[in-house]
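For the protein sequence lines, the chains are A and B, in the order given.
Using the working numbering, read the first sequence as starting at 1 and increasing by one per residue.
Using the working numbering, read the second sequence as starting at 1 and increasing by one per residue.
Honestly, the hints are just simulated from the structure, not real lab data.
Check each hint, because a few of them may be wrong.
[What the hints assert, rightly or not] From the derived model, a few chain B residues whose C-beta atoms are all more than 12 angstroms from chain A:
{"no.": "1", "residue": "Lys42"}
{"no.": "2", "residue": "Arg59"}
{"no.": "3", "residue": "Ser72"}
[What the hints assert, rightly or not] Partial pick of chain B residues on the chain A-facing surface, computed with a CB cut under 7 angstroms:
{"no.": "4", "residue": "Ala29"}
{"no.": "5", "residue": "Gln31"}
{"no.": "6", "residue": "Phe34"}
{"no.": "7", "residue": "Glu43"}
{"no.": "8", "residue": "Asn101"}
{"no.": "9", "residue": "Phe104"}
{"no.": "10", "residue": "Lys106"}
[As the list claims (entries may be wrong)] Restraint ranges, calculated between C-beta atoms of paired labels, are given here:
{"no.": "11", "chain 1": "A", "residue 1": "Arg63", "chain 2": "B", "residue 2": "Glu5", "range": "40 to 46 angstroms"}
{"no.": "12", "chain 1": "A", "residue 1": "Asn17", "chain 2": "B", "residue 2": "Ala67", "range": "49 to 55 angstroms"}
{"no.": "13", "chain 1": "B", "residue 1": "Asp77", "chain 2": "A", "residue 2": "Arg63", "range": "30 to 36 angstroms"}
{"no.": "14", "chain 1": "A", "residue 1": "Lys40", "chain 2": "B", "residue 2": "Ser52", "range": "37 to 43 angstroms"}
For every residue, glycine included, the Cβ atom is placed at its ideal position computed from N, Cα and C.
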Amino acid sequence: DTAVSQTPKYLVTQMGNDKSIKCEQNLGHDTMYWYKQDSKKFLKIMFSYNNKELIINETVPNRFSPKSPDKAHLNLHINSLELGDSAVYFCASSPRTGDQGRLVFGPGTRLTVL
Amino acid sequence: RKEVEQDPGPFNVPEGATVAFNCTYSNSASQSFFWYRQDCRKEPKLLMSVYSSGNEDGRFTAQLNRASQYISLLIRDSKLSDSATYLCVVNKQGYGGSQGNLIFGKGTKLSVKP
Chain A
1 DTAVSQTPKY LVTQMGNDKS IKCEQNLGHD TMYWYKQDSK KFLKIMFSYN NKELIINETV
61 PNRFSPKSPD KAHLNLHINS LELGDSAVYF CASSPRTGDQ GRLVFGPGTR LTVL
Chain B
1 RKEVEQDPGP FNVPEGATVA FNCTYSNSAS QSFFWYRQDC RKEPKLLMSV YSSGNEDGRF
61 TAQLNRASQY ISLLIRDSKL SDSATYLCVV NKQGYGGSQG NLIFGKGTKL SVKP
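One chain only, chain A, in its complex shape (with noise of 0.2 angstroms):
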């Protein structure tokens, strides 16, 4: 029944590692988002994908890949994990991209780089 589910809920891990967060959404949206909160609670977009077309990416490194496989998964690979990447990773979906105000998010990825 979840809309929006993450998995993991928790991931600590070692500087230099790869891993990755994946998403689902079940409400038949057409938009799904990745944020990023960190340890001052700003929550920043990453990336947006629509249709499973990435149309926002905002200045992020390029350690960090989405990847949409279909319209309903939007999952995110880091590579070559650093201390700063450390934060609450949040996934979200909206109807569509001109409805970003109604989101719906996931219940985050807390990472945590030792």
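Since chain A is already given, all that's left is putting chain B on it; use the hints.
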């Protein structure tokens, strides 16, 4: 001036009190405004959209002042369950013809005490 600015609080109020938060935004071309609520260690959830004419949803009233570039949220008859961080959200008007990204404020923390 920050794109979206809020008083971080905390606002500590007794149950039953009326409390108001303001949020200022820098982009005069912004068209869409929202309030989200984020409970501790949870995902943000849409509380309400903010319309030019102002809007009310039960105990919550949101207003927009375009001339002064601020939006407000008023909560009447505060409940313990209203304790959360309230995020002001403004769209960053458009590149590529889209509505552009959403910019989240850092949030105002509200704590309602018995």
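Satisfaction of the hinted span 40 to 46 angstroms by the C-beta atoms belonging to A:Arg63 and B:Glu5: Violated: the Cβ-Cβ distance is about 31 angstroms, outside 40 to 46 angstroms.
Residue hint B:Glu43, partner chain A, criterion CB-CB below 7 angstroms: holds, 4 angstroms
Outcome for the supplied range 49 to 55 angstroms, where the beta carbon pair is A:Asn17 and B:Ala67: The hint (49 to 55 angstroms, Cβ to Cβ) holds, given that A:Asn17 and B:Ala67 are roughly 51 angstroms apart.
A:Lys40 versus B:Ser52 beta-carbon gap, inside 37 to 43 angstroms or not: violated, 31 angstroms
Hinted contact B:Phe34 with chain A - closest CB pair below 7 angstroms: With a minimum Cβ separation of about 5 angstroms from chain A (threshold 7 angstroms), the hint on B:Phe34 holds.
Minimum Cβ distance from B:Ser72 to chain A greater than 12 angstroms, as the annotation requires: Given that every Cβ of chain A is farther than 12 angstroms from that of B:Ser72, nearest at about 17 angstroms, it holds.
Distal placement of B:Arg59 relative to chain A, Cβ over 12 angstroms: Holds: least Cβ distance 21 angstroms, greater than 12 angstroms.
Satisfaction of the B:Phe104 interface hint, Cβ to chain A closer than 7 angstroms: Holds - the Cβ of B:Phe104 comes within 7 angstroms of chain A, reaching about 4 angstroms at its closest.
Status of the B:Ala29 interface restraint (C-beta, 7 angstroms, chain A): Check failed: Cβ of B:Ala29 comes no nearer than 15 angstroms to chain A, outside 7 angstroms.
Chain A contact restraint on B:Lys106 - CB to CB distance below 7 angstroms: holds, 6 angstroms
B:Gln31 as an interface hint toward chain A, with CB separation required under 7 angstroms: Check failed: Cβ of B:Gln31 comes no nearer than 10 angstroms to chain A, outside 7 angstroms.
Least C-beta distance between B:Lys42 and chain A, which was stated to exceed 12 angstroms: At about 7 angstroms from chain A, B:Lys42 fails to clear the 12 angstroms cut-off, so the statement is violated.
Hints 1, 4, 5, 11, 13 and 14, counting from the list given before, are not met by this structure.
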